[in-house]
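Make one complex out of these two single chains by using the hints.
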Amino acid sequence: MSRLSDHHVIVANDIIARCPRPKSALIPVLHLAQEQDGYVSTDAMEHIAELIGITPAEVYGTASFYEMFKFEPVGKYCINVCTNISCQLLGAWELLEHAEERLGIKSGSTTTDGMFTIEDVECIAACTEAPALQVNYRYRYRVTNEDFDALVDDLRNGALDDEIPPHGTLARVRQTTPDNWADTGRRAQEAVDAR
Amino acid sequence: MPADDPGAANGSDGGAVSGVPTGPKLITTRFDQADGYTYDGYVRSGGYEALRRALTAMTPDAVHDQVKTSEIQGRGGAGFPAGVKWGFLPDGVFPRYIVVNGDESEPGTYKDRMLMELDPHQLIEGVVLASYAVGAAQAFLYVRGEMALAQERIAQALNDAYANNLVGTNILGTDFSVDIHLSWGAGAYIVGEETALIESLEGERGMPRLKPPFFPAAKGLYLQPTIVNNVETLSNLPWIINHSGQDFYDLASPTSTGMRMFAVSGHVNAPGVFEVPNGTTTFRDLVEAPEYCGGVRNGRSVKAFIPGGASAIWFFPEHLDLPLDKATVDQAGSMLGSGAIVVMDDTTDMVAACWRVVRFFARESCGKCTPCREGTTWLERILKRMLDGNGRPEDLATLVDVCESISPGLAWPPKQTTICPLGPSAVSPIVSAVERFRHEFDHYVEHGRPIDGVERHAIHGTSGVAVHV
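Heads up: the sequence lines are chains A and B, in that order.
According to my numbering, numbering within the first sequence proceeds without interruption in unit steps and concludes at 195.
According to my numbering, numbering within the second sequence proceeds without interruption in unit steps and concludes at 1469.
None of these hints come from the bench; they were simulated from the model.
Don't take each hint at face value.
Claimed, not checked - Keeping only pairs whose Cα atoms sit at most 20 Å apart, straight-line, the calculated EDC-like set for lysine to aspartate or glutamate is:
hint : chain 1 : residue 1 : chain 2 : residue 2
1    : A       : LYS106    : A       : GLU94
2    : A       : LYS23     : B       : GLU1204
3    : A       : LYS23     : B       : GLU1202
What the hints assert, rightly or not - According to the in silico footprint, chain A covers these stretches of chain B (three or more CB under 8 Å from chain A):
hint : segment
4    : 1089-1099
5    : 1165-1179
6    : 1187-1196
7    : 1266-1278
8    : 1447-1459
What the hints assert, rightly or not - Pairwise CB distance ranges, derived in the manner of DEER restraints:
hint : chain 1 : residue 1 : chain 2 : residue 2 : range
9    : B       : ASN1164   : A       : PRO166    : 32 to 40 Å
10   : B       : ARG1363   : A       : ASP113    : 26 to 34 Å
11   : B       : ARG1363   : A       : GLU101    : 21 to 29 Å
12   : A       : LYS106    : B       : ILE1451   : 27 to 35 Å
13   : B       : GLU1455   : A       : THR112    : 31 to 39 Å
14   : B       : ASP1321   : A       : ARG195    : 52 to 60 Å
15   : A       : GLU46     : B       : ASP1388   : 40 to 48 Å
16   : A       : GLU94     : B       : ARG1363   : 15 to 23 Å
17   : B       : ALA1078   : A       : SER64     : 27 to 35 Å
Source: prediction; values computed, not measured.
Note that CB positions come from ideal geometry on N, CA and C, so glycine has one too.
If we strip away everything but chain B, and leave its shape as in the complex, we get (with noise of 0.2 Å):
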């Protein structure tokens, strides 16, 4: 049991041995740097000088310009450019602000964390750089509440370049001054979505509001221009400043530019974080190569897998040669997400996978939206009956016309009853597990027990938080 020590993400430049795609490290540089963390650590290892070249030598729009030329998609989950949100900004409407999302919760997603609680400095320089290009006076910094080590790191971090002139009045003698505030959650996945991010900012219950406009960059916090970016997207903007946008634009494939990270858990031998060239790398490579995953646990075999966290629809062995390219992985039927890869062997019992996402979006469902609140609830119960032995010949039927009423359809993208994506999400992992394993559901249904040479689990917790409303 590692102590409270973040593991380093692996890169993959140098000793390529299996033929995988390479290329350099751009955000996890300082993830093996044992005070990388700190002021003094970054600096020393290149730090800031994208801000100081920023403020000194380039104009607002010149930033924007290179951030527009990377064609940098946003890593929390749409994968919309960056370069092209901030241009949705209208002109001249002031405040406006920026609002970085650390609330990362997606089932499989672990990455802004690591670079929060590794690099803050980084992160920070990112903000500063965006509210430079847009135009911000403020920022706001919202961390996930769970996350204590990374509101410490980021507090010191935020307290350090304060002291450093690098943020706040006259960042280093210019005339561009912007504050950035350090806030957190506690304790709400919706809170991921951008517009709940805000209502949680703004000391609301964290509940997506209605759209239009569809966009915050129109009406965000406090009803003013907000730019809402994810904590990975921002940490891209040093690299891309002291080298180019072309230069990030050129790393990998033209549908997904730049290096990108991604976290591949379950059953495989050596799960990780890895910093590999977006767009050509491919989930094989992620799972099979030695100086990634190593292959699948036992040497057994892939049975499904999720693509892009819980959220995603699952993929199979069959799209294993599929590249980690938005475009392709948006046409073959799902996403990448928050590049969360869930790797699930032979023995997985598919009810049991299924139902553990669906309990997720049930218990995190912010109740706003009725088919969501409901019939996410009702997924969960039915799929729990099935797998205490306890399915009716109906409920498969039934499972998937509540999936109707939430997604009508059932097409990806997914079409929505809801305001926001979060119960159409709870539709994926059933729609995924039934359509491909329908004889598991059946099999549940009809001796009380999931198909042999699977794997069972004790579960049995119900929602075990403590003394909660």
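Excised from the complex, chain A in its bound form (with noise of 0.2 Å):
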């Protein structure tokens, strides 16, 4: 809905100062406005264009590649059940189905309040845990459906606050440009552009 805010503008800048070409920074900078609004709207598109020096078009081409990007409204949390061949045979889609029972609604869709997504994913890399779910891609590992009741109980009374923030932040801790940054990279890079 929004561009991005003065912070995340700074943020940005930042990572847009790291890469030896801007645009390498797209991915990274769509998570940001992912983070602010808890998907990619329109106008931040057109904002990360401008400060890149892309057009709008070459965002939203990258950005619809991923599955990650979100371009409408989804829940405050996201639940990903993977359901690839590990999960599978240790019973992900019984769970599955138990999670759309318990909210209510199908997988790829959002409750009506708006708190929860289900999506049925692929492998997420904890294929020794299964079943294994992600919130907001924070792992649950070798879920029941009682874990899951318990998993959705504790998200609605914000018992879990403090480890599972709302869907668009991943990383809570970010890269900072440091006093001691080479640049060698960066600035042998532009040497190469400029030929």
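Structure below.
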């Protein structure tokens, strides 16, 4: 809905400055937009295009390739149930079915109160801990139906607020550009580009 | 439901009771150390000693020589020797880049995420060592988008490493400088293919590049010479420098050197990730030994297993005694790939298993090459209608025909009509399952249901991704 906030512009410019070419910052900056609004809005994509110096169509062209970017609001909590082979073998589809019944929605949709979205997703690299799921990209392992119910209760009553930020926020620690950033790679690449 | 706390890998050193090959832990030593992921915890347990030694007492060529001597094979899937790969860089062309492939997404694979979450400094030390060896002034650490904790831990580790002069300008007072830039994806399996990863790093759609050049070492990131290495591969470098390439080489078999991480999942009693002697440990050791998985669940037997990730040709009980050796497994007609073993017991519905792996490739096809984009989609649809009880008598022949169009001859290693191996990877489960369990497919077509005695799954999802174009 909105352009990037002043704070996010500072973060975005810091990321852009670290890249040998500005467009390399595109995916991380799209994540910033999603962190701000919970999804990637058209206004944000236009703003990002200005910051990076490309067209809005190029921004959308890249963004629409990647499954994590949402172009409409989703739930505060996106619950991604892995159904790939290791999880399928140990009951992932049954877990997904339970999740759908518990929340009263089908996979791929959002509860009317805007709290939960369910997705059935591909392998999330927790194969030895099957069946596994992620809530806003935070893991839960060997999940039973009872575990799922408790998880939903905890999310609703705020018991997991510290651990699980709202959808859109990935890492809560950012790489900062330190004083001793060498910048030799970028300068060398700029010299190549200038030739 | 344990909280967001990755389980520790079990090493094989000490307490071996069943005669399995043993060896030291090289890269999982800090998995049991509560603060192993922090700067203090890493340094206290010997971290950054290899970097100090390399920068102050070794030339870049000497570091490269140790890696060559170790003959460490890339741990990402292709198994190409890292030292040889580095040697493909053209002389005198700068800037050149190191890119770390942390986009672990191959179904069954779980080890790079552990290494990034539990020992990020070990990876960073490996990246600086590699950059020093090949003369890179900038490195890119690309982490899979869905791995929030790994991104947090690596960001913190990089900030701490910079603050302690272990990355950045004039590292440890020497004249060597390198920057490491943390970047990450946004959900796309194909980005694990190295040229697609480079496209993604350039802010593009993650589609593989046309070959040649076959190696990014010639033209990679920004069309400059680039080395793309896997997380596990680079995490081994501190150990190799602290000891020697020869020590690493001597640990296991001459054709598969060093220790290696394997994730064993599926129908076993104790699934887990284990760092074991490469090349000498067998599949049976991993599945049955009490210090590893402790056998198949409920005392059942193995019906089939995937030896190296979803792209691999499946193996069967007669393959259990093969060693985890690249040459041996290649010769037996499959691959060790990314160290991902998925065990299926005798209650497994092979049509359902086959469909699930194929659905993965259909969903993850980037769409660049027609045989893959169209072919994987049709394979998935045909298998799904069989599962739904609507299979047609001609379906099996159609499946094989479509497979032929993606990978002519259905040989191993696969021939391909596509730019990258994703399309042919969707052929592997079909060739494996149809050849061995043809009667299960026939039964579905004839009766609309699986054979007796196999477990049915409540498969109902389509492509349940929220509000996506």
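Do the hints match the structure? See the list:
1. A/LYS106 / A/GLU94: 13 Å, holds
2. A/LYS23 / B/GLU1204: 8 Å, holds
3. A/LYS23 / B/GLU1202: Answer holds: A/LYS23 to B/GLU1202 is near 6 Å, not above 20 Å.
4. 1089-1099: holds (count 3)
5. 1165-1179: It holds, with 7 qualifying residues against the three required.
6. 1187-1196: holds (count 3)
7. 1266-1278: It holds, with 5 qualifying residues against the three required.
8. 1447-1459: With 3 residues close enough to chain A, the hint holds.
9. B/ASN1164 / A/PRO166: 32 to 40 Å: At 34 Å between Cβs, range holds.
10. B/ARG1363 / A/ASP113: 26 to 34 Å: Given about 29 Å between the Cβ atoms, the range holds.
11. B/ARG1363 / A/GLU101: 21 to 29 Å: 24 Å, holds
12. A/LYS106 / B/ILE1451: 27 to 35 Å: 30 Å, holds
13. B/GLU1455 / A/THR112: 31 to 39 Å: For B/GLU1455 and A/THR112 the Cβ distance comes to about 35 Å; the hint holds.
14. B/ASP1321 / A/ARG195: 52 to 60 Å: 58 Å, holds
15. A/GLU46 / B/ASP1388: 40 to 48 Å: Cβ of A/GLU46 to Cβ of B/ASP1388: about 44 Å, so the range 40 to 48 Å holds.
16. A/GLU94 / B/ARG1363: 15 to 23 Å: Given about 21 Å between the Cβ atoms, the range holds.
17. B/ALA1078 / A/SER64: 27 to 35 Å: Roughly 29 Å apart at Cβ, these two residues keep to the hinted range, so it holds.
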